[in-house]
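Assembling the complex is the task here: the two chains are given apart, and the hints tell you how they should meet.
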Amino acid sequence: MEGEKAVVALFLQALVTGLLMGGVYAVYSSGFSLIFGVMNIVNIFHGELIMIGAFTTYWLFTLYHVDPFLTLPVSILSASLLGYAIQRLLINRVVEAPPMMSYLCTFGIHLILANLALLAWSADFRTVTTSYSGKGFSIGPITVPLARLATFTIAIVTTFAIYWFLEKNRHGKAIRAASQDKEMARLVGIDIRKVYALTFALGAGITGMAGGLISTYFVIYPQMGLPYTIIAFCVVVLGGMGYIPGALIGGLLLGIIQSLTATYLTSGLSVAITFILLFVILILKPQGIMGRGAVE
Amino acid sequence: MRGLKALLLMAMISCLLIPGLARGQAAKFRIGCALPLTGVFGRDGNLVKDAYAYWADTINAKGGITIKGRGYPVELLFFDDKSDQAESAKLVERLATFEKVDLILGGFGSDSVFAASAITEKYKYPMVSGGASSNKLFERGFKYYFSTLGKATEEVRGCVETAGILNPRPKTAAIIGSDVLFTSLAAEGYRSYLKNLNIEPVYFELFPLSLDDYNSLLFKVKQKNPDMLLVGSHLVVALKVMKALKEVDYMPKMVAFSYGPTVPDFIKSLGKDAEYVIAAAEWAPNLKYKDAVFGTARQLNEAYFKKYGRYPDYVEVASIGGALAEQWTVEKLGLVPPLKEGDRIRIMEELYKLDAMTVYGRIKFGPDGANVEHPPIAVQVQNGKLVTVFPKEAAEKPVWYPAKSWKERKQ
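First to last, the protein sequences are chains L and W.
Just so it is clear: in the first sequence, position 64 is 46 by the working numbering, and no numbers are missing.
To convert, count from 1 in the second sequence and add 93; that's the working numbering.
It cannot be assumed that every hint is accurate.
To be verified - Capping the alpha-carbon separation at 16 Å, the derived lysine to aspartate or glutamate pairs in EDC-like fashion look like this: (1) W:Lys121 <-> W:Glu424; (2) W:Lys490 <-> W:Glu368; (3) L:Lys117 <-> W:Glu501; (4) L:Lys117 <-> W:Asp342; (5) W:Lys229 <-> W:Glu281; (6) W:Lys317 <-> W:Glu298; (7) W:Lys361 <-> L:Asp106; (8) W:Lys193 <-> W:Glu214; (9) W:Lys317 <-> L:Asp106.
Source of the hints: derived by calculation from the structure; they are not laboratory data.
Extracted from the complex, chain W is given alone in its bound form (with noise of 0.2 Å):
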């Protein structure tokens, strides 16, 4: 009977000392994500940063994730993968295995996001990423990787289209992006869509994004004198192509981003030198898109302003629906934390049933993993602000078109 007694005191002990056995300790949702917080996309990662506490913070101040009535709150960890891809697969892997953290958000940038799925997929995580979109993702057969996004190639279509609803249409067009994973899909992408409105590519170059000198590059582009000059690109990408076309006195009639206008530092940094700009885009505030948690895309749109002193990128705003996919997988499933491997293979499988309108749209996998309802806009820079000019169902305003060149603006 002593014996018996001891046991069970051990037993007591034992359930107060190890982690995650006590039920209060384990009471949250530990949710993890790498992210580049310094390094060429360091500003990138943390608008994506942004907007997953934010998500935290909104779902927090309602009690957390509720399961069967009860709310279990989310403390997310972010780990800084200096944009770089091996680092990101190593930071992910400790994630899974050291943090073991319930569930693992997605990160920005293609390649970063290429090599931490593999991880996630290894370790039968379901990752939803809302920064990342490069065909390739979707490629490889994996069951665990999600995005909110189009495909890089799809994105970049909302510009390309814009230039067939001028008038007059344009008839050549530039291609240069960056030799990455998602600028040069996004690249591939702008020359396939083009063939569809019968506009001729006179020019196409792909660039390391280590190239610090853009002038050259640009007059080559500018001795061709194209009607249009598509980027594939990132922010660091876009400044510098815009501030090389003005050193090289040159401004087609079309100018048109993958991404990095419609972060808000594009506009601050060049002011009216980011007029006539067109980028792709997949969320604006102005569409009709809503949901119980965070209302109308205009009510995000201003809270958001609220609480960092700026609008959010769309990129935040498809992070947000992903996080917001994985929160209601979660809650439908009825699971509480910690999850374990059989938890995340049916968060897994419920994915693929989602089909919901969130903020940022209608948010449905496909058998790849990319949203399939979601499609591609195109904005312009116009009066310091930027307005939806595509599709036309959408647009706040008609497309200024064609720009006026650096001479003819005033300053």
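This is chain L alone, in the form it adopts within the complex (with noise of 0.2 Å):
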């Protein structure tokens, strides 16, 4: 009977991290499919926004220890000034030339992020550890950390903020013209250019306010980047490109799947797990699993 008891108890765990996890890779990865599916751009660099959001809260914490979660909003404006910056000067000339073009710049603004940060901050790894670091709560045998909780809850309200705002918003519809119809877009009067530079500061404040989100249970440091970017590319494409719910949807699905096969299986397959989907899909439903995303 106890015996059971611990099988049923780890199967819920396990349910319960991945969800959680999940909700980690939705916040991170729901910039990268808004950025993707109004532009069609596969932004390499999106994993140092992440840092860049990271790192806002990391210092705004140690140096005036203000709380991580209060150091959001200046995550979010420091990694949109960035990405509109970045977008008006750099991406803004490559937008509509051939993708192999916006996979070279945005390869090469990550490196020159990374690079930069690497010079400005060290190689050293940090971490935001507060008064409720790693705490939380059980229900029975199983343990609910907090800041996870809490991530969870913002990337489902983020991936309804960011609908609302497409589906209902004056801006929101302007961006889904311009990523439905250019030409139309610009016949009835809509500033393509603006549309793209708004897409690419949105994107990247939510990309950002994730950075600052997982600072506080993640290790970070400069060149932590890249495989944030792999990973959003995974979830993105396992939800559907450019497709908003789809980022959720993928985040939460890869969380759990990652989850069962580290408890049931190995850990070292949670992360070969990740590979072997993208494989599958972008070859069986390469719209992703809700069929709703876009296919070059």
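Dropping the structure here:
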């Protein structure tokens, strides 16, 4: 009987852990999906925006003792401004060029940002350790870490907020119009370049916020970006490229699959499963599991 | 006669133009090193860089490496291998063939040093490392690779034997570690030493370094509820494990790491959450080690703090020990720069005869190049500081055992 309880508890714990990790994946992948959906750009410096958000939180917490959750508006703003500036100065020049140009451009920016951060902040590993870091609560045998629960909640709220913004808001509608038919949007007076800049700033801002959130439980360092970009790419492919709710669905699915794999098989396989899933989805269902993503 | 004069003039001009031939230009030792200054081992690599720079500055302040009464300054060349072993091998080849440095110092990380030492072996450069200790480094029959650290499996002996002096003694242990050369061997080392103490390993898993989420793994460990958790780690893994242990609300009676907690960033990052953690080490400032260059271990510790605003990690002092070993051998042989292949062969031969007390401890290389005279120790974080807890004769304080659960700790 005790043994059965332990088996059930382990399964439920794996589900909860996966769900919460999925929330983390979703929150840092939604900006990636938005930028791809509207501009058709695979943003390779996406991970560096997470890093900027995380370091903003880290410095505000370390130097001024500001609570990490209160630093989120600043993380959003810093990543947003950076994203906006990069978009206006660089991405705009390649946005309508063949995809290879934007890959090269964003890859170059990834290298520049990572190395500038390295020069500014050195290769040290840093963590944000607050009085509530790592704390959580228990429901029976299940442990729920608070910071991850907060991230999970914010992931859901963010997904719905972006969805609402794109569906109901005037600027959001302009973004959707531009993503559906650029020429027609231009004809009805929408300034496409402004729309692109707005989209990039919005996507970068959400990503910066994700950086601030994860800094409370992950280790941060200047070269942390690329693995996050890779995971974001996998999540977005899984959920459907450019389909905003897909980032949430893809993130949750990936989190749960990884957690179950780590629990019942090995942690090594939980890393491999990400790429196996990417491979399978790209071959069998390139529009993502919901069938709503873009296929180029 | 005019032809002879012209020939002499040309020979003199050539001597001035060809680098290395002019005596003034070559009157220094150019010493190279490929290190992970960025990437996953970036922090660790920068520590080793600081250590070599500290050694070079100290030597240069005394006039350099002294050969027959004359001082030859040291010039260090650092290359960033980006925590990539192929890059490390490439850079060491560049140091040997293009830069033609006089000596090469060891980098950081067993994987990188494994690749780099194959190149130093090929070009007959003796390499003394203080930042790599995997057993496989010593099992290749190489003649030019030396290490001031003990072997990886040996290094964790202190951590496990700490359990032997506890009362009541732990009965069960879980072993986890990242699946790279040093940490996987450290995990194997834990397993073999547990046998000697009759402690049952109830869980064993190696995981990839790229693993993001440690919670699932540690929930499995939590369910086994072992008395000890032994981790094969570098700094980043140690930090991630501690963060995850708190998130899954689990603290075994004893947690030990093969590497990480001795790096100053560990306590700085985790604050009070670092308390009770035990770590393998090979040097501590309270040990009675000394040499003529750096004074006592305590003096080095304080001088290092004055320079860098932090105390040295044992890998840094092991690296200083390695540089000292090369320096003393060159001095003993009376070799002046630029060093030739024949000189480097003599250095290699002399290194096997070395038996010296240094600020890092005694250095004596065995036939496989490993330091055979260096006992492993264990340190524990107590009140925000690392204190030596094992072996008994070197212990500053008794071990804090059992560790308090997260809920019992005052925040």
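These are the hints, each one checked on the structure:
1. W:Lys121 <-> W:Glu424: holds (13 Å)
2. W:Lys490 <-> W:Glu368: Distance ~14 Å between Lys490 of chain W and Glu368 of chain W Cα, so the pair holds.
3. L:Lys117 <-> W:Glu501: The hint holds at about 13 Å.
4. L:Lys117 <-> W:Asp342: holds (8 Å)
5. W:Lys229 <-> W:Glu281: Within the cut-off at roughly 13 Å; holds.
6. W:Lys317 <-> W:Glu298: The hint holds at about 13 Å.
7. W:Lys361 <-> L:Asp106: holds (11 Å)
8. W:Lys193 <-> W:Glu214: Measuring from Cα to Cα gives roughly 15 Å; hence the hint holds.
9. W:Lys317 <-> L:Asp106: Given pair Lys317 of chain W, Asp106 of chain L is violated - Cα atoms ~34 Å apart, limit 16 Å.
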